[in-house]
Amino acid sequence: MKTSWSIRRSGWRFFTWPVLGVGLFWTLFPFYWMLTTALKPNDDMYRPEPLLVPVRVTWSHFHKVFFDSHFPEYFRNSAIVALAVTILSVVVGIFAAYAIVRLDFRGKNLIARGLIFSYLVPPVLLFIPLFELIFKIGLLNTREGLVLAYLTFTVPFTTWLLMGYFRTVPVALEEAALVDGCTRLMALFRIILPLSTPAIVVTALFSFTLSWNEFLYALTFTSNPVSQTVTVGLTSTVAEDVFFWGVMMAASFLIAIPPVVLYLLGQRWVVRGLTAGAVKG
Amino acid sequence: MANHVTARPGSPRKWQLQRVLGRDYALAYWMIAPSVLVLLGLIAFPFIRAIMLAFYSQPIGGEGRFIGLENYRTLLHDRIWWLSFKNTLIYTIFGVGFKTAVGLAFALILHQELRGRTILRALLFVPWSVPIVVDAFVWRWIYNDLNGVLNYVLYKLQLISEYVLWTSDPKIVLWAIIVVVVWQGTPFYMMNFLAGLQSIPDELYEAAEIDGASTFQSFLHVTLPGLKSVLIVVTLLSTIWTSNELQFVYILSSGGPAHMSEIFPTLAFFTSIPGRELGLGAAVALSFFPLLASLIVLGGRVLLRGAEE
Numbered sequence: 001m002k003t004s005w006s007i008r009r010s011g012w013r014f015f016t017w018p019v020l021g022v023g024l025f026w027t028l029f030p031f032y033w034m035l036t037t038a039l040k041p042n043d044d045m046y047r048p049e050p051l052l053v054p055v056r057v058t059w060s061h062f063h064k065v066f067f068d069s070h071f072p073e074y075f076r077n078s079a080i081v082a083l084a085v086t087i088l089s090v091v092v093g094i095f096a097a098y099a100i101v102r103l104d105f106r107g108k109n110l111i112a113r114g115l116i117f118s119y120l121v122p123p124v125l126l127f128i129p130l131f132e133l134i135f136k137i138g139l140l141n142t143r144e145g146l147v148l149a150y151l152t153f154t155v156p157f158t159t160w161l162l163m164g165y166f167r168t169v170p171v172a173l174e175e176a177a178l179v180d181g182c183t184r185l186m187a188l189f190r191i192i193l194p195l196s197t198p199a200i201v202v203t204a205l206f207s208f209t210l211s212w213n214e215f216l217y218a219l220t221f222t223s224n225p226v227s228q229t230v231t232v233g234l235t236s237t238v239a240e241d242v243f244f245w246g247v248m249m250a251a252s253f254l255i256a257i258p259p260v261v262l263y264l265l266g267q268r269w270v271v272r273g274l275t276a277g278a279v280k281g
Numbered sequence: 001m002a003n004h005v006t007a008r009p010g011s012p013r014k015w016q017l018q019r020v021l022g023r024d025y026a027l028a029y030w031m032i033a034p035s036v037l038v039l040l041g042l043i044a045f046p047f048i049r050a051i052m053l054a055f056y057s058q059p060i061g062g063e064g065r066f067i068g069l070e071n072y073r074t075l076l077h078d079r080i081w082w083l084s085f086k087n088t089l090i091y092t093i094f095g096v097g098f099k100t101a102v103g104l105a106f107a108l109i110l111h112q113e114l115r116g117r118t119i120l121r122a123l124l125f126v127p128w129s130v131p132i133v134v135d136a137f138v139w140r141w142i143y144n145d146l147n148g149v150l151n152y153v154l155y156k157l158q159l160i161s162e163y164v165l166w167t168s169d170p171k172i173v174l175w176a177i178i179v180v181v182v183w184q185g186t187p188f189y190m191m192n193f194l195a196g197l198q199s200i201p202d203e204l205y206e207a208a209e210i211d212g213a214s215t216f217q218s219f220l221h222v223t224l225p226g227l228k229s230v231l232i233v234v235t236l237l238s239t240i241w242t243s244n245e246l247q248f249v250y251i252l253s254s255g256g257p258a259h260m261s262e263i264f265p266t267l268a269f270f271t272s273i274p275g276r277e278l279g280l281g282a283a284v285a286l287s288f289f290p291l292l293a294s295l296i297v298l299g300g301r302v303l304l305r306g307a308e309e
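Protein chains in written order, with the numbering used here: chain G, 1 to 281; chain Z, 1 to 309.
Next comes chain Z alone, as it looks inside the complex (with noise of 0.2 Å):
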């Protein structure tokens, strides 16, 4: 490196110190310093300081008071809590698999030479652009039971026999979510597919052909091994980001019918805030905790060697 450029001659002092904190130290530490108070005043201190909430029983503006693991206790003892572990889960799979599952047909089918094909991409892509609010609200009046457009279509092609309650029926509401979750959630998946499929070389498909692999057995051996890490990086994410959105859930139903349709993400809102009490929310937002940090960790190392490649 070009050491010379930048040593200049200075104190012994300094240079010890450039020694022990790398050649660029004084200008570096300056640089970076906004950025680092952000990191840990906005990121890493509240995030411990939420670890420590859930050890306290914490009014809003009130006094804390330390309780140990009582409000673990108390979750684990709540029927409530148990509804919503049961919901994340079925909210989380569903909702992923399926955006991979449709991202991943629609990538296929874009990834061909069709006329006005820039015009589709941008088209298919706007529900994800829009924000998640109104993606919901549009969705909530299609659901509606008396006046949207869902029921009076279904009901004029003879597809159902009475008004289906999308967002009260218990056994309904979390499946209906789940829909816009992935109307909402696709086009990111299509989009990462697409450039995926781009990148694997039709050398490689040209030798599968004269081997005499049928398609399927192309799409087998040559498509999916291509696309495998863009299927760990976008579904790494997109579970992070899909078992932590409380958008649609708020908006489309608030977690009811009795807590028929609660997460994690909404439960911890509505105990925290309307509900006051902080620290049992704090415990509620880390009771994926365990499974999430794995994915954080996992996710970060992926696109850590992403960068480094």
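Chain G on its own, in the form it takes in the complex (with noise of 0.2 Å):
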């Protein structure tokens, strides 16, 4: 393993450990707060002297989320939305992909392109329009409104990253199979798909996050629990009751936990990933 040894060299290593420590604290301190907040009594939150501790556990913020709010309702939206923008993507992101990386035909130099720069097209230049479109034809607060606007990050998302990993399988195995009489969807099939199963997973993984997470557009498109996602459905929750922390924490974690778990599964190729492959590792 590399070592950064200019660090190693200077003496500056005394500072390693505290600086790190300095650095831990202030990335998770929130989270240490938000979790023990879902567990506090009420009576120990809102005070002159909030305690820093948990003295008392409770679990009825946690049961509140589950029996007493539109919590679960939002989870089941966000989770058939992700869910059904994840497949889309990915499917219709193998299919161009592989057109572009392997097939010749005109045209593919400009769709390469234009995927990309939609990649880097920012949701606060579409929101208005696809609000008026998804108006027009009756989707608002619908899931499917929600699923054709997410596959807009999606779709040039998905394509862009199987374009990087398809180039890395080599074209003489396709070949091969190509002389043996293999139809090119065959190859695509049997050759190409199985070499790339990790790198699907990944892609699927990416989606069903970037979906989960997304806020935006839900916001925009659905105001009522039977489209919202749990995003907006963490927003709609503070109108509704003056101590309202200890319920906003606990969903909050459990809002938490699909994209970070995911993440910590993917970690290696998260950066690669989001960078579309222009960072080299």
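The reader is advised that the hints may include incorrect statements.
Derived Cβ-Cβ restraints for the label pairs, each shown as a range [what the hints assert, rightly or not]: (1) Z:Leu204 / G:Ser60: 54 to 62 Å; (2) G:Pro194 / Z:Ile48: 35 to 43 Å; (3) Z:Leu37 / G:Leu83: 47 to 55 Å; (4) Z:Ile80 / G:Leu193: 28 to 36 Å; (5) Z:Leu224 / G:Leu20: 50 to 58 Å; (6) G:Val261 / Z:Ala293: 35 to 43 Å; (7) G:Leu52 / Z:Ile80: 18 to 26 Å.
Straight-line Cα separation of at most 16 Å, EDC-like style, residue types lysine to aspartate or glutamate; simulated pairs [as the list claims (entries may be wrong)]: (8) Z:Lys156 / G:Glu49; (9) G:Lys136 / Z:Glu63; (10) Z:Lys14 / Z:Asp24; (11) G:Lys108 / Z:Asp24; (12) Z:Lys156 / Z:Asp145; (13) Z:Lys14 / G:Asp104.
These aren't lab readings, by the way, just hints derived from the structure by calculation. The C-beta atom is built at its ideal place from N, Cα and C for all residues, glycine as well.
Both chains are given apart, each in its own frame, so use the hints to dock them into the complex.
As structure tokens, then:
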């Protein structure tokens, strides 16, 4: 393993652990505060001297999230939307990426460019016209409307990522199969896809978390628990109660679990994925 | 290329088409059709529509009326637009600046043999992987003026003599939000910089050492040049993303008090959806477009170059 000998040599190393300690505290304290708030009874929370360490633990906030709120609906909506978006964008991405990387056709470079530029177009430029579009086709306040909107950021992203991975599969393998009488599609399904399974899994993890975490489109296109996702659901909760922080933090904790788990699983690829292969490991 | 493999005996017409459209056009166009549909129907068309909308007075559900540059005129005479302009600049410049600095510092520290480095990296990564809404709400609770932990601890440590209104004091609110932006975004920078550091060959450092370079000199002449491409990509992408992220402001302050923390993304949202003026909202969203477009073109080029290498 490589060492940063510049730090080792210069005696800066002495500072490593103190600085890391501060860094860890700064990074993690908010989450400590979230979790302990979720477990503290209201009496220990709303008082002049809030308790920094929970002395009494209550499950009442979590209980309220599960049994006396709209969160079960929000969770279901988020899961359905994110799953649908993931499946659609991975399938669309596989076909597009294969065509762009391996097939010879006019307009290929134009599409590759279109994909990368649309990956960089921020949702703030699109949410108004998309609102109009979704309003006109009658999909406001539906999960289908959200799925359509989320494809705008997942499709360019999955296609771009998969293009990078497909390029690394040796062409010779495929040519051999084609000589043996395989069609292009058979070659894709029997040779490229099995070799790219890890890449496809990672791409799917990304699409899922990006959709799960999305906020602006959900805020704009949905306004009731029938279609709202967890992220906007959280903002709707504020209005319901004066002492809402225990419930809020309990719900926040639950919302954060899926993306954190998925990111920890795919951590190695996360960075490379988001800058879409531009940063060399 | 193995042209003979797929070229089948066909009609002369097909040959001609293949000459013009490329060997595999028939299969390829089927395969890219869905993504082209998304690209044109859900991104390109709405994008052009947004540019057009900005020339219209278009209430939600009502008749649109062409008014030329009137929306832009309105904005240029609007104090709130100018305030948002200033805030968006401060928010983006300081957000990206601090994220770069702190991210680089942490990357340098993590780039050495440490016990439990994998776990450290995973832990330091958490704020970035959590949904931004959650991050923002946790901080809103920390910043809470009466029961917030920040006021309580600072007061106990006698660092403040009275409770601070972190998200409702006009002088403080934007900076309080920038702190959260930096806290949330630093891990992404750190990870990218760490990957960049690991790709700098050790021999370069050894050569610098032999030449008698000091630690600082080798940082200046080996580390920074080695990180150049990563630095460019990360700050470029992050500038686009940071300047267009509305969740922090929306949740921590709603742009308040009195628009003191309003930025273009929140102003565009409040104008178009609760304010029901889609045309004016589109004009707000496009306020930074010339700047943004150049960043997008630049970023796209860098990414394409990276892919072609």
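Going through the hints against the structure:
1. Z:Leu204 / G:Ser60: 54 to 62 Å: holds (59 Å)
2. G:Pro194 / Z:Ile48: 35 to 43 Å: Holds: the Cβ-Cβ distance is about 41 Å, inside 35 to 43 Å.
3. Z:Leu37 / G:Leu83: 47 to 55 Å: Distance hint for Z:Leu37, G:Leu83 is violated at roughly 21 Å.
4. Z:Ile80 / G:Leu193: 28 to 36 Å: Violated: the Cβ-Cβ distance is about 53 Å, outside 28 to 36 Å.
5. Z:Leu224 / G:Leu20: 50 to 58 Å: Violated, since Z:Leu224 and G:Leu20 (Cβ atoms, about 23 Å apart) do not stay within the stated range.
6. G:Val261 / Z:Ala293: 35 to 43 Å: holds (37 Å)
7. G:Leu52 / Z:Ile80: 18 to 26 Å: With Cβ atoms ~40 Å apart, the hint is violated.
8. Z:Lys156 / G:Glu49: Within the cut-off at roughly 10 Å; holds.
9. G:Lys136 / Z:Glu63: holds (13 Å)
10. Z:Lys14 / Z:Asp24: Holds: Z:Lys14 and Z:Asp24 sit about 11 Å apart, inside 16 Å.
11. G:Lys108 / Z:Asp24: Status holds; Cα separation ~11 Å.
12. Z:Lys156 / Z:Asp145: Holds, at roughly 15 Å.
13. Z:Lys14 / G:Asp104: Given pair Z:Lys14, G:Asp104 holds - Cα atoms ~15 Å apart, limit 16 Å.
Violated hints for the displayed structure, listed by number in ascending order: 3, 4, 5, 7.
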